[in-house]
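There are 2 protein chains.
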Amino acid sequence: MCCCCPDQQLTPSSFLRIGQLSNVDLNEDIHELETELPRQHPNEIPHNEKLLSLKYESLDYDNSENQLFLEEERRINHAAFRTVEIKRWVICAMIGILTGLVACFIDIVVENLAGLKYRVVKDNIDKFTAKGGLSFSLLLWATLNASVVMVGSVIVAFIEPVAAGSGIPQIKCYLNGVKIPHVVRLKTLVIKVCGVILSVVGGLAVGKEGPMIHSGSVIAAGISQGRSTSLKRDFKIFEYFRRDTEKRDFVSAGAAAGVSAAFGAPVGGVLFSLEEGASFWNQFLTWRIFFASMISTFTLNSVLSVYHGNAWDLSSPGLINFGRFDSEKMGYTIQEIPIFIFMGVVGGILGALFNALNYWLTMFRIRYIHRPCLQVVEAMLVAAVTATVGFVMIYCSRDCQPIQGSSVAYPLQLFCADGEYNSMATAFFNTPEKSVVNLFHDPPGSYNPMTLGMFTLMYFFLACWTYGLTVSAGVFIPSLLIGAAWGRLFGISLSYLTKGSIWADPGKYALMGAAAQLGGIVRMTLSLTVIMMEATGNVTYGFPIMLVLMTAKIVGDYFVEGLYDMHIQLQSVPFLHWEAPVTSHSLTAREVMSTPVTCLRRIERVGTVVDILSDTSSNHNGFPVVESNADTTQVAGLRGLILRSQLIVLLKHKVFVERANLNLVQRRLKLKDFRDAYPRFPPIQSIHVSQDERDCMIDLSEFMNPSPYTVPQEASLPRVFKLFRALGLRHLVVVDNRNEVVGMVTRKDLARYRLGKEGLEELSLAQT
Amino acid sequence: MCCCCPDQQLTPSSFLRIGQLSNVDLNEDIHELETELPRQHPNEIPHNEKLLSLKYESLDYDNSENQLFLEEERRINHAAFRTVEIKRWVICAMIGILTGLVACFIDIVVENLAGLKYRVVKDNIDKFTAKGGLSFSLLLWATLNASVVMVGSVIVAFIEPVAAGSGIPQIKCYLNGVKIPHVVRLKTLVIKVCGVILSVVGGLAVGKEGPMIHSGSVIAAGISQGRSTSLKRDFKIFEYFRRDTEKRDFVSAGAAAGVSAAFGAPVGGVLFSLEEGASFWNQFLTWRIFFASMISTFTLNSVLSVYHGNAWDLSSPGLINFGRFDSEKMGYTIQEIPIFIFMGVVGGILGALFNALNYWLTMFRIRYIHRPCLQVVEAMLVAAVTATVGFVMIYCSRDCQPIQGSSVAYPLQLFCADGEYNSMATAFFNTPEKSVVNLFHDPPGSYNPMTLGMFTLMYFFLACWTYGLTVSAGVFIPSLLIGAAWGRLFGISLSYLTKGSIWADPGKYALMGAAAQLGGIVRMTLSLTVIMMEATGNVTYGFPIMLVLMTAKIVGDYFVEGLYDMHIQLQSVPFLHWEAPVTSHSLTAREVMSTPVTCLRRIERVGTVVDILSDTSSNHNGFPVVESNADTTQVAGLRGLILRSQLIVLLKHKVFVERANLNLVQRRLKLKDFRDAYPRFPPIQSIHVSQDERDCMIDLSEFMNPSPYTVPQEASLPRVFKLFRALGLRHLVVVDNRNEVVGMVTRKDLARYRLGKEGLEELSLAQT
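For the record, the sequence lines run as chains A and B. First residue of the first sequence: 1, per our numbering; consecutive thereafter. First residue of the second sequence: 1, per our numbering; consecutive thereafter.
So that you can see chain A by itself, here it is in the shape it has in the complex (with noise of 0.2 Å):
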């Protein structure tokens, strides 16, 4: 093993490194911590937001070009790669497909188990209205609830955590480059798919939208592998595609299939994958994962046409549909668009004010709600409170409204007379998504405004308490509906301001609302004006939904951040932004590298590297490989970079010959070897490793890559950040002018840097 420390004849500004020291010191503090403290302490990240992760690992995104790869590349003719082609477009195909498959599931499961539910309590009202005891209603209500949100919390919390929650946040780290444990096996779809409908079923200011990309997600990453490592089943199919750059690609592909099953939106789909995802952009690539989003978005809507009894007529494109936006009843014109400017500043406002109080929120759960037991008690607590806050305000309502010609689903009588039912029940009656409907299109009066305000009050508060809960659930269909009631509310104002214009449809104004307040709320761009102009259906809403979303976006960073960035950031997930702060460029690699070095040569000795790999507290997953003569005293210039799991590889197969014996060649691996392997390569620790094989050599040359992307020490961070960045690297090496190694450059070096309010700021690196 050969210390690469930088020259310090040459290079006499090495010692300068004083924040890179510091990061040092910092790290080895924390290494003397045990690592399953969190579970323990019950008060244990006192400056949660200023900290970095170092538990998450980093995808490889750049192919390891050994020899290995190159020689098979090189055998592989032209119409091999076509073969390769055309799995690639049926992997594609089956992702729409099983997306689409599972988004129906749910939604039928759903609609059947909460229409029980409603008949259930419905009749149990009924009953009780009239023979007084109505209590008796409320705590079936919110037994029902809390019990149904009990398992499904108990399953999320107890067997697979990171089920929790929408599963945007981590599918954006995934995409990113992070490696979230687990955030892409079957037992996570399965968890996933059972609390979601759980959490609907259980009233839950919740939807079911959120999650179908998280459930897209591991649907392809488990396809494109060809294999379940959780059902112990290795089909012998796409191979080829066992490596981090492939299983993105696909990953991408199921993101956008979850979205567009979700919101019938296969454009906005694919706009979410490379927005969140894909820092390169390819044609193919992107061609491919659209195919996946229409697959699936047809599939939903050909089943879901069958099941409910049109067949053929496709009219459920997605999960949610927002109905049919007549442009020329309910167009908009110039005049308006300063209104809906005004709704975007409303809707920036509320979503902050709504993140905010999440961030609070999280920051005690953090802190104090850390027991599994604990997160489902707080659960079953939120159902029965959102059961009891859903009874009072149907209680204390008195809008009353015609039953005649609506399409109430499951009216309410209770004190209304006869052939009216209670309006404020329909809201709490019904799943969220029918509720953004019913808001979007009942005609003009169908509401109180005194209803509405109640009902935005308290869904705002209930929805902003439900997320972060530990059960599987999404925010998207609550901001909507939280936006679609204030919005309907401001349209009817309008109205009465106006003397009813016929331009103030409350409608076209709960629309605008729900914009503005999703778009406040979780900060997405381009993608979400997708999205929510093919949830319409109408392409004319593009320019005043950009309009408010943008709007919203830009008055909600002036005070907090989005919600799915808060919680990567409150994860202390080391999350590659864009581009490097503005004001970096002050910073060069030299300042930023971690050192000194890990190196390896070329023909290293058994031991050594076990050891190195050994090494708990250094723990590093690339190592740049040297000249095997190399000495300290002569110039030893980087010949390559292997990884830790290639290492593995090599030790667990015995690739290595006595040192006595060096001229025998020493036992050949194949490529297939490592993809078996991959992506849980073995601990270093389960790999036996004999006295006398520690004394063997073990020749690199044909394992590592012979090509890392290197940096010299003069780049600046943005010129680094925009290398690492485009290439989707895990390891960047940075040499001197003679090529040698001087340090390291990794993700948590370059996501350490942010922009404060007051400039730049350094984020420190904590083992939790």
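Heads up, none of these hints are tricks.
Ranges between beta-carbon positions, derived for each pair:
(1) A:Arg233 x B:Val90: 56 to 62 Å
(2) A:Lys87 x B:Gly756: 20 to 26 Å
(3) A:Ile108 x B:Gly756: 48 to 54 Å
By construction, these hints were calculated from the structure, which means they are not laboratory data. We treat Cβ as the ideally placed atom computed from N, Cα and C, and that holds for glycine.
Take the given structure of chain A and dock chain B to it, following the hints.
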């Protein structure tokens, strides 16, 4: 000057570069020919398609991060960066507004002039129908068309030849990183706008949509630079954006705004720009591009609404609107999908035929019709033939339709009974845009199958002949028109076969036919799907349109390339595709690179610099900089990279010191000096350097880019390609293990390799 040839002791294989050497040889052979050759010999480029021209330079999308740049960036604080960001948004808004206005101008002028022409001809025909002598009418019509087209052709051929055609191939090249001379100049815009008006009014089988993309790009390039070199006006604003990287970003926005104005397709515009240009996807950039697109279609829509008298109704989002496709009346069912796929196959075959015919025609034109006057004559000939064909077809047609209830603008009675009009005449007495919409929406029975068949056949050949003429015109609309015609014919036939089933609406089949034909010709993928989807204003057609376009592309690609790619290749442009050819892993940087490389020393003699820059046989644009005291025996690692343009500015400003006073500080330059010279740096011949000055020394340290991207010699071609393409490089230095310069990879070295029918093929380089 030190000539960094590879050290042969260390790299014994450096003599094995056979492909390399032959390339250099060829290169030098070509230099002995005059560069003005093409204009003199009628039969010049015998194997045009296997050549790569050396006359195209590359754009540099990598910032040269020299000291000046870094000092400026470090001086700018956070607030100032925000100002820059706001300026970017303002520029995008201006791009959108101006592009929209230009589109309005074209639309209104075309409508009025074409209307005038049709009235004149119609009156004339009406007059002579009664009294005989219709050949006078034909003469009048042909003469009118030919003279209008003559003017349009003359301005293009004699003033600005780059304004010919749709401009889409040129913009594709620009966004790809190829510098096409004059492509984004103001003069080009003026010629383009006038040219397209005259072509359309001249009755050619062309559209005004394609040129909008070029117009938008020119507008963007002009505004973003805050000055016009043609008008000799410098507004002293937006100086920060005077470099290739920033300019390209704005040009992407301009192209998107152009698409958006042309088709009312803002999302399609964004996708077009991204598909064609942006290799590195950036969320902020995309959002700005989308903003420009939205503003553009909104401006067009508002102005045209006002112009057409129905202010505020916003019903014309694009130059062409496909009209309302009512999903209830014209929805599709699952059974129709195989039919659509079949139409895609037909479209692919017809598109390939179109492209193949146009290929032969273009080869003929390159060989024989290269004098401007010949080009004008050809354009006039086509105009006259188009009129004649139209006339003959109208004359021979006996397809009379009742005038009542139809919305024909210029109904021509000809030999029809009173109260009826000649149906064939409407197809010719209309701008092609209107004909397309008529084919989509006219009720079943409006067209006689015979009429449609003849029309398809004639228009196919006319459009094919027209594309490539020296006039400004696009191929989108003619393609749509051909497709709509045969699609409608197909729909009518289906209707006959199925005895008038309700689902065989001919309008729907016209739409699918249009998509198939256009897809078969231009082979765009995602962007075209979205453009079509937005132009129909109906999201539900997305799936069948995607299927049709995908089939058309697959089938078409089996025969020949897409029209734009074909023309780019015929121009021998070094265009970089998305990925290196799949079978190119056998090539390494060593085989691909150009060598020997002309290097400069860090402190270099002025005379040497002048001599290198004046050397017309090499004409390099980037020079690696090595250590000053390097002699041939010592290791001289790469220190930086300097561009020809930077050296020119240094020489112009006499930034050098006498050799005797090396410790004197040389004149300081500011970044502004480089920006003022951008992009038209003077040639070296225009800079006078006296004999005394030749002996001075020039210190390149603070001007060179100290951290150029490098690759090792062993890197495979796909790896080199990926780095080069993802970062939009112009020069990539190839270094050996000791960081010594051994070669240089530029665009032509990568574009040279292509996947042919029999595997990897290498194009020759030529000076044409």
